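Chemist: Read off the chains here:
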Amino acid sequence: MNKYIRWIKLGLFVLCLVPVAGLAWLYYNTTHGLEPDLGANPLEYLTHGTGTWTINFIMLTLCITPARKLLGMPWLIQMRKMLGLFAFFYGCLHFTCWLWFDKQFIWSDMGADILKRKFVTAGMVALALMLPLALTSTTWAIRKMGGKRWQALHRLIYVTGIAAVIHYIWLVKADLKAPLQYAAIVAVLLGYRVFEWARKRSAASANRPAPQAG
Amino acid sequence: MLIRKTADIPASEVTPKHWYVNRRKFIAGASALGAAALVSGYDLMSEPEHAFGGTAIPGIQKSNLSTTEKETPYKDVTTYNNYYEFGTDKSEPAEQAKNFRTRPWTVTIDGLVAKPKTLDIDAIMKLAAPEERIYRHRCVEGWSIVVPWIGFSLSTLLKQVEPLGKAKYVKFTTLGDGKQMPGLRPGILDWPYREGLRLDEAMQRLTMITFGLYGELLPNQNGAQLRLTVPWKYGFKSGKSIVKITFTDKQPDTAWNTAAPNEYGFYSNVNPNVDHPRWSQGTERRLGEFSKRKTLMFNGYDEVASLYSGMDLKRNF
Numbered sequence: 001m002n003k004y005i006r007w008i009k010l011g012l013f014v015l016c017l018v019p020v021a022g023l024a025w026l027y028y029n030t031t032h033g034l035e036p037d038l039g040a041n042p043l044e045y046l047t048h049g050t051g052t053w054t055i056n057f058i059m060l061t062l063c064i065t066p067a068r069k070l071l072g073m074p075w076l077i078q079m080r081k082m083l084g085l086f087a088f089f090y091g092c093l094h095f096t097c098w099l100w101f102d103k104q105f106i107w108s109d110m111g112a113d114i115l116k117r118k119f120v121t122a123g124m125v126a127l128a129l130m131l132p133l134a135l136t137s138t139t140w141a142i143r144k145m146g147g148k149r150w151q152a153l154h155r156l157i158y159v160t161g162i163a164a165v166i167h168y169i170w171l172v173k174a175d176l177k178a179p180l181q182y183a184a185i186v187a188v189l190l191g192y193r194v195f196e197w198a199r200k201r202s203a204a205s206a207n208r209p210a211p212q213a214g
Numbered sequence: 215m216l217i218r219k220t221a222d223i224p225a226s227e228v229t230p231k232h233w234y235v236n237r238r239k240f241i242a243g244a245s246a247l248g249a250a251a252l253v254s255g256y257d258l259m260s261e262p263e264h265a266f267g268g269t270a271i272p273g274i275q276k277s278n279l280s281t282t283e284k285e286t287p288y289k290d291v292t293t294y295n296n297y298y299e300f301g302t303d304k305s306e307p308a309e310q311a312k313n314f315r316t317r318p319w320t321v322t323i324d325g326l327v328a329k330p331k332t333l334d335i336d337a338i339m340k341l342a343a344p345e346e347r348i349y350r351h352r353c354v355e356g357w358s359i360v361v362p363w364i365g366f367s368l369s370t371l372l373k374q375v376e377p378l379g380k381a382k383y384v385k386f387t388t389l390g391d392g393k394q395m396p397g398l399r400p401g402i403l404d405w406p407y408r409e410g411l412r413l414d415e416a417m418q419r420l421t422m423i424t425f426g427l428y429g430e431l432l433p434n435q436n437g438a439q440l441r442l443t444v445p446w447k448y449g450f451k452s453g454k455s456i457v458k459i460t461f462t463d464k465q466p467d468t469a470w471n472t473a474a475p476n477e478y479g480f481y482s483n484v485n486p487n488v489d490h491p492r493w494s495q496g497t498e499r500r501l502g503e504f505s506k507r508k509t510l511m512f513n514g515y516d517e518v519a520s521l522y523s524g525m526d527l528k529r530n531f
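Line order of the protein sequences matches chains A and B. In terms of the working numbering, the numbers along the first sequence are unbroken and rise by one, the last being 214. In terms of the working numbering, the numbers along the second sequence are unbroken and rise by one, the last being 531.
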């Protein structure tokens, strides 16, 4: 398997770029009068498009651990860093769309919105928590921090996943179908971790000698 | 791009704008229906068909209530709108309303009136000369368009039934046909979609009963056969596919107000000073523009301000 890893990684990298390339292509069409294009509200399309792919990549990143264990494909772990970084990349694009198209780079407006609008607050939390994860995504950082501490920090992705779904739920007007689908996915993915944690804990306590009466 | 000139030629003799603006589409879409409509003109009575959007309306009068602002292109007006009966995505109505049957179409007007009536769409259209009124249209979501609607003041229609003195409100009930409307699933809104106005709002001259846009009968996705246009209120107040108008003495319940009373008030006047609980209403994006513009009080229709004098519009949002 290991000899293919580099090729798999390369293939995945290209795949991860497909959404942004697609948006760029639609943008080109929009500016050149071709179809398909970004529709009647191109700025909204770009904002929503990058947002959707941010949440998709967060979900994919969260899928890695259960998938590699349940499918018996340990090499999948080597894809996690790239997926996580792409989640952050699309998150940054999404944030830029909002800051540029919606706030026109007026920082005071941006600050006011983050404080005042619950859905913006949730989105900012989701993105901000990805920043330390992106910064410590290198092997060097793992070595420097020590595996345990690094792992503890990177559990922040769970909070990001929940915050991203809340961000979506609070944004929609009436049709909760799409955000609730994401909520269900997050529930399953995090539920798996809770289940594993509980299983390991009960296994550990079963192995411990019974407390002595005294 | 060609800009529509204020015509000296009757609208019925002008090629529908989107056909010459989007020639490719015209060639691709020279459908039997479109072609039939072009040659047969206005003879709809014998057509037991659907999808009449694209049929020119003859004898359209200009209106001095029109704005001179640039009209939003036909394509954007007809492919980007909310019509939850045909899906919650704004591109869905254009797709999903294609086969919606809009003929025959009747509207029942009842309640606190002297002469309740059920009128056929053709009878309604003959009540007055069709007017083209170019109105700003502001969605509660923060986008806006400029649309040349065809219709006339709703008051013309309402006077037909002689409202009684007790009548204080007008309730609009729209079609809720689960067989034809794939978006009519539970958990989104309480169907059928209902809207309401105070009687004086309904009688205000700007309030339109609308059966066309861009010189043609309404495309299905824009609310055929008959819709409301209330330009100083958020778009959702302008109900589509209206089948019933009821005069009442009590404030009627409305679909959005029932779904989220803290977010969508009965009045829902465009008001930059009263934010939606979840987003600002201070600015809006006019489709086709990059920068946002400031939202105007009453969407710029200041003449309606007197309807609300003495009212706290923050409370009565």
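Derived from the structure by calculation, the hints contain no laboratory data. Treat the hints with caution; some may be incorrect.
Claimed, not checked - Short, incomplete list of chain B residues facing chain A, as computed with Cβ under 7 angstroms:
# : residue
1 : 294
2 : 472
3 : 475
4 : 501
Note that the structure is predicted; figures quoted are calculated from it, not measured. The C-beta atom is built at its ideal place from N, Cα and C for all residues, glycine as well.
Chemist: Against each hint, give a clear statement of whether it holds in the structure.
Modeler: Do the hints match the structure? See the list:
{"no.": "1", "hint": "294", "verdict": "3 angstroms, holds"}
{"no.": "2", "hint": "472", "verdict": "11 angstroms, violated"}
{"no.": "3", "hint": "475", "verdict": "13 angstroms, violated"}
{"no.": "4", "hint": "501", "verdict": "5 angstroms, holds"}
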